[in-house]
Amino acid sequence: MRKWLLVLFIVIALYLDSTFFNIVNLFGIRPDVTMALVVSLGVLIGGAPSAAIGFGMGFILDVFFNKIVGISSAVYMLAGITGGLFFKKFYADNIVIPTVIATVALFVKEHLLLLCTVLLGSSVNYPLMLFSYIIPSALFTGGFCALLHMLSKRVLYRPLWRQGAIKLDKKGEK
Amino acid sequence: MKKLFSNKSVLIAVIALVVLVVLAFLSAGSRTIPWLESTIGDIVRPIQTFATDVSNAIADFFADIFNTTDTDLENARLQQQLALYEQTMVDYAELKEENERLRQLLNYSDTFGEYEYVTASVIGRSNGVWFDVITINAGRNQGIELDMPVICGDGLVGKVTDLGANWCKVTSIIDSTITVATMIERTRDNCMVRGVMSATNDSSELELYYLPTDLTDLVPGDIVITSGIGGLYPKGLLVGTVKEVMLDSESSGVNAIISTSVDFLHLEEVMVITDFGGAAE
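Here the protein sequences line up with chains W and E, keeping their order.
For the first sequence, our numbering gives the first residue as -18, with consecutive numbering after it.
For the second sequence, our numbering gives the first residue as 6, with consecutive numbering after it.
Hints are computed from structural coordinates only; laboratory data are not their basis.
Keep in mind the model is a prediction, meaning the values are calculated, not measured.
Keep in mind that a hint or two might mislead.
[Unchecked claim] Here are some chain W residues pointing at chain E (derived, C-beta under 10 Å):
no. : residue
1   : 1
2   : 2
3   : 29
4   : 32
5   : 44
6   : 75
7   : 76
8   : 98
9   : 109
10  : 117
11  : 120
[What the hints assert, rightly or not] Quick list of the computed label-pair ranges, beta carbon to beta carbon:
no. : chain 1 : residue 1 : chain 2 : residue 2 : range
12  : W       : 124       : E       : 273       : 53 to 61 Å
13  : E       : 215       : W       : -11       : 46 to 54 Å
14  : E       : 55        : W       : -14       : 16 to 24 Å
15  : W       : 75        : E       : 246       : 49 to 57 Å
16  : E       : 59        : W       : 69        : 35 to 43 Å
Backbone N, C-alpha and C fix where the C-beta goes; we use that ideal spot for every residue, glycine too.
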């Protein structure tokens, strides 16, 4: 039953990313909710499932909203795998790891998109974009990931564990 | 390395990455969307339409709050009595605005009577600042094809760059990867405009360049329209007005900054011109 919560989280994240934060944002600076969720899930439930979730969410966003299909899917998948590297290795309460991963992953994602725009013929003022958009967005996403991780840990992690959706061995029980 | 690739998950991830990178290259230009993407889009479309409506309602709600100046508590009782009336007025205003937008759209289309067009609603917009792409709820089944020009009541919006069965993606003219052949309405000088990369996603400016004549002819307030050169856009569509003439255009290559006539942040209905006679084959 609690698996539906995971689905609900995914749907809400897609809604926030695709629609809500396009309308409500801070001078264009907005958190990447999908990134935050995928990284958080990577740390909580492991690399493979979160990479699959990241791939799926990224693909939907790419297909329906983005100009280039594949970039978001690839980055979200890699973010899930990276988050999964820390699965069972640290306390699930640790919010520093997902925060740092989400910040760095968004930094990388925005640079990939910047590279794509340059390859497609845009002229980009890199210092301006770096300091007024990329870094604030990455930090915003990192902060959002910290909050989301605390929430998802409480809402998703323990119930999923209890019902057996997540296999944790003794070593993994923190 | 061999050990790394013996891990099934890593192998699948690497294969997926390669596929995605290839897909990214293939999808960078205009294209007809494959059936899988089109189907995914069809599934997401009604959900997205609903989500957009909800978001607009939330945004309108907060906009109403911030725009309210009369917050005097003494009026609370009267405000309660007027709540129902206000709700009626909100509904009325909403309908009136919609009516106005559609009327504007109709009037605009009347000025180009020879065009055939399909009306559609905006149901999504790309996130981030790198690209400016909107998703609309009309596609191949409604007679839309790639590269068809898209307009709204205020002027040129962009062109269709990705095409699904019942939806399509429109790259707007403020996207920095799009150029439009234009002319100055007053002087009839041909030029090009291109989107400006901005750190915020509320940019409504274009760069005007390749203006061959003396810049003294160009003044702020001049109207910029499509020139029809290239056959991609019909001639005479409103693009914007000159906001600032650049004096050092030789170094930057930019002759002027243009304010778009379209408010891209509040775009709700658009028209896709499916036939305008001079369309490029």
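Evaluation of the provided hints:
Using the Cβ-Cβ criterion of 10 Å, the hint placing residue 1 of chain W at the interface with chain E is satisfied: the shortest such distance is roughly 5 Å. Nearest Cβ of chain E to the Cβ of residue 2 of chain W: about 7 Å, under the 10 Å cut. The hint holds. Taking 10 Å as the C-beta contact cut-off toward chain E, the hint placing residue 29 of chain W at the interface holds, the least distance being around 5 Å. For residue 32 of chain W, the suggested interface contact is upheld, since its CB lies about 6 Å from the closest CB of chain E, less than 10 Å.
Satisfaction of the interface hint for residue 44 of chain W is found here, the shortest Cβ-Cβ separation to chain E being roughly 5 Å, below the 10 Å cut-off. Using the Cβ-Cβ criterion of 10 Å, the hint placing residue 75 of chain W at the interface with chain E is not satisfied: the shortest such distance is roughly 23 Å. Below 10 Å, beta-carbon pairs count as interface contacts, and residue 76 of chain W has none with chain E, the closest being about 24 Å; its hint is therefore violated. For residue 98 of chain W, the suggested interface contact is upheld, since its CB lies about 5 Å from the closest CB of chain E, less than 10 Å.
A hinted interface residue such as residue 109 of chain W counts as satisfied when its beta carbon comes closer than 10 Å to some beta carbon of chain E; here the least separation is about 6 Å, so the hint holds. With a least beta-carbon distance of about 9 Å to chain E, the hint placing residue 117 of chain W at the interface is held under the 10 Å criterion. Interface restraint check: residue 120 of chain W against chain E, minimum CB-CB distance 14 Å, threshold 10 Å, status violated. For residue 124 of chain W paired with residue 273 of chain E, a C-beta distance near 32 Å fails the hint of 53 to 61 Å.
At roughly 52 Å, the beta carbons of residue 215 of chain E and residue -11 of chain W sit within the given window of 46 to 54 Å. Evaluation of the 16 to 24 Å hint for residue 55 of chain E and residue -14 of chain W yields a pass: the beta carbon distance comes to about 21 Å. Our hint of 49 to 57 Å for residue 75 of chain W and residue 246 of chain E holds, since their Cβ atoms are close to 55 Å apart. Distance hint check: the CB atoms of residue 59 of chain E and residue 69 of chain W are about 38 Å apart, consistent with the given range 35 to 43 Å.
Comparing the model with each numbered hint stated earlier shows that hints 6, 7, 11 and 12 do not hold.
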